[in-house]
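Residues per chain are reported as follows:
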Amino acid sequence: MSVENAPVVDVDEAAIPVEKKMYYRFESNDKKEFRVSELAIQQSETLNRLVEAMGYTSEDVENKPAIAIENIDGKTLKLVFQWCEHHKGEAIPVDDGSVPKIVEIPEFDAKLMDIDNGLLFKLIWAADYLNIVQLLNVSCKKVANMAQGKTPAQLRRVYLLPSDEEDEAAKRAAQEAQDPRAREVEEEFEERKRQGGNSFF
Amino acid sequence: MNSIPFLRLPFLVIQEVFSMMSLFDIIRLARASKRTKRIVKTVINTIKEYHIEVYIADDYGIGFKNGTSGRYYVYTSKRGHEYSTVGKFIDHEFSISFFKRKFTYHKLDAFKKIFNFCQDLFGDIPSLPLDMNNDDNKLIIDYLKTKQENFDSCEVYINKQKNDEINYFFENIKVAKNLGIYYDIPENFEMNLPENVEKLFVYDSKFLQLEQLLALKSKQIVLNSTNFFFFQKTYIYSNDCSLDIPLKLCSSFYAYFNS
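Protein sequence lines, in the order shown, are assigned to chains R and V. For the first sequence, position 157 matches number 157 in UniProt numbering, and the numbering has no gaps at all. For the second sequence, position 245 matches number 245 in UniProt numbering, and the numbering has no gaps at all.
Just chain R, with the same shape it has in the complex (with noise of 0.2 Å):
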């Protein structure tokens, strides 16, 4: 699809230059494009530094191409910008090391992140991806969440964890494709233990 042909999601109509407000525009690696404004921007250190790297005037940002954000997906992207745009203006919050770190999860991104979790995973790698501080720790405290006074068998489910004998089996597989003749080995060898040898040489 061509940038041309490309839909263009406004995240927030405040953000359309009415006051000649700086606003720029970003395309997800599925061609959506996306204009947010300067302030918004701000929440990403990422985007931030990358636009000010570019030096771009209004414009620039007209008659050049939309910014493409190669690994992040429209879908996404646009929940990245709706949270950027909603906590534009708002200070970026430093981690002052308290353990358990105490993060509040505000209405809005409760709504926001009140999708799927195939979604909040991609939010979240696009969170760190971006730098986004704020959107990275109500992300992370909502997958902190999910954990609560679960029991082990619980967690695994939840997380996806892989059992031991998971583990040993993939790790098994995994040295099989490396070396085919692993496993024929690995057979000799505990053929060789029934057996009663000591040693395998």
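None of these hints come from the bench; they were simulated from the model. Ideal Cβ positions, reconstructed from N, Cα and C, are used throughout, including at glycine. It cannot be assumed that every hint is accurate.
Claimed, not checked - What follows is a list of derived Cβ distance ranges for each label pair:
hint	chain 1	residue 1	chain 2	residue 2	range
1	V	Y105	R	R181	51 to 59 Å
2	R	P106	V	I96	19 to 27 Å
3	V	N2	R	E168	25 to 33 Å
4	R	S163	V	P10	21 to 29 Å
5	V	L12	R	L119	18 to 26 Å
6	R	P106	V	E195	50 to 58 Å
7	V	D152	R	S163	49 to 57 Å
8	R	E168	V	S3	19 to 27 Å
9	V	P10	R	E168	52 to 60 Å
As the list claims (entries may be wrong) - Anything over 12 Å on all C-beta distances counts as not near chain R; from chain V, calculated:
hint	residue
10	E16
11	D25
12	I26
13	T104
14	D109
15	D136
16	T146
17	K162
18	D184
19	E211
20	L214
Starting from the known structure of chain R, arrange chain V on it as the hints suggest.
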């Protein structure tokens, strides 16, 4: 159940998630598989703020402190009271402790398991508050001796009926930095106080003999309700040699006299 592939998150994100979890959720996560245990061990070593302690009182367990609040996970052989909160003033500061209790007929065995697991996960446990008002003091001390002979700090709450057990404790467990001994200790009691602990606090020090006091090599000593009427702060600070004075090593000494 809605699930998320936790181990496929970036390592720094996993670290973030851990920093927001309660310690007990982290411990349960470590118990989910060998791999998660390895990850928890790796991450937990990067978070130094966890202050883990053994908890021995009527119930046994472990806890962690963060500033003035503490969270404890304990095994109990009494039914009911699954959760409780205890608040108290310590040094003019309000501290609050949250308890989660789990019923078991074998609380000592359960304690040993959780202690083993935590020691494996976090390394040596620095702190030991020990309320001797329980039936298993000697068994607990014997067990701790096999697992970890030294603790950085310890608060011992003495039970008058079990005086011999406090000496058994000091004979077997070493406290290196801070030792607090609390509540009413009989005046005629001969306590084998450790001499090399850095800071010593005794709530009721009427039992303490002058000879014993002078043998202490602590850097800081605080005695409440002492019988040493002849002591004056200035006297100690002036390092009067007539006292022959190992207490010269002591940078601060406070004695609060019986009125």
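Going down the list of hints, with the structure as the test:
The hint said 51 to 59 Å for the Cβ distance between Y105 of chain V and R181 of chain R, and at roughly 53 Å that hint holds. At about 26 Å, the CB distance of P106 of chain R to I96 of chain V agrees with the hint of 19 to 27 Å. Hint check: N2 of chain V to E168 of chain R, Cβ distance near 27 Å, so the stated range 25 to 33 Å holds. Taking the beta carbon of each, S163 of chain R and P10 of chain V are about 23 Å apart, inside 21 to 29 Å as hinted.
At about 21 Å, the CB distance of L12 of chain V to L119 of chain R agrees with the hint of 18 to 26 Å. Taking 50 to 58 Å as the suggested C-beta distance range, the pair P106 of chain R and E195 of chain V conforms, at roughly 56 Å. Between D152 of chain V and S163 of chain R the C-beta distance comes to about 37 Å, which lies outside the given range of 49 to 57 Å. Roughly 22 Å separates the CB atoms of E168 of chain R and S3 of chain V, a value that falls within the hinted 19 to 27 Å.
The given range of 52 to 60 Å is broken by P10 of chain V and E168 of chain R, whose C-beta atoms sit roughly 25 Å from each other. Separation of E16 of chain V from chain R is inadequate, the least Cβ-Cβ distance of about 4 Å not exceeding the 12 Å criterion. With a least CB separation of 4 Å from chain R, D25 of chain V falls inside the 12 Å interface cut-off, contrary to its annotation. Against the 12 Å criterion, I26 of chain V falls within the reach of chain R, whose nearest CB is about 8 Å from its own CB.
Even its closest Cβ contact with chain R, about 16 Å, leaves T104 of chain V beyond 12 Å, as expected for a residue assigned away from the interface. Distance check on D109 of chain V: its Cβ is at least 19 Å (rounded) from any Cβ of chain R, clearing the 12 Å threshold; non-interface status holds. No Cβ of chain R comes within 12 Å of the Cβ of D136 of chain V; the nearest lies about 27 Å off, and the non-interface call holds. Annotated as non-interface, T146 of chain V keeps its C-beta farther than 12 Å from every C-beta of chain R; the closest such distance is 26 Å.
For K162 of chain V, the non-interface assignment is confirmed: its Cβ lies about 36 Å from the closest Cβ of chain R, beyond the 12 Å cut-off. Distance check on D184 of chain V: its Cβ is at least 37 Å (rounded) from any Cβ of chain R, clearing the 12 Å threshold; non-interface status holds. The non-interface label for E211 of chain V is consistent with chain R: the shortest C-beta to C-beta separation is roughly 45 Å, beyond 12 Å. Remark: the non-interface label on L214 of chain V is consistent with the geometry, its nearest Cβ contact in chain R lying 42 Å away (cut-off 12 Å).
In this structure, the hints that do not hold are numbers 7, 9, 10, 11 and 12, in rising order.
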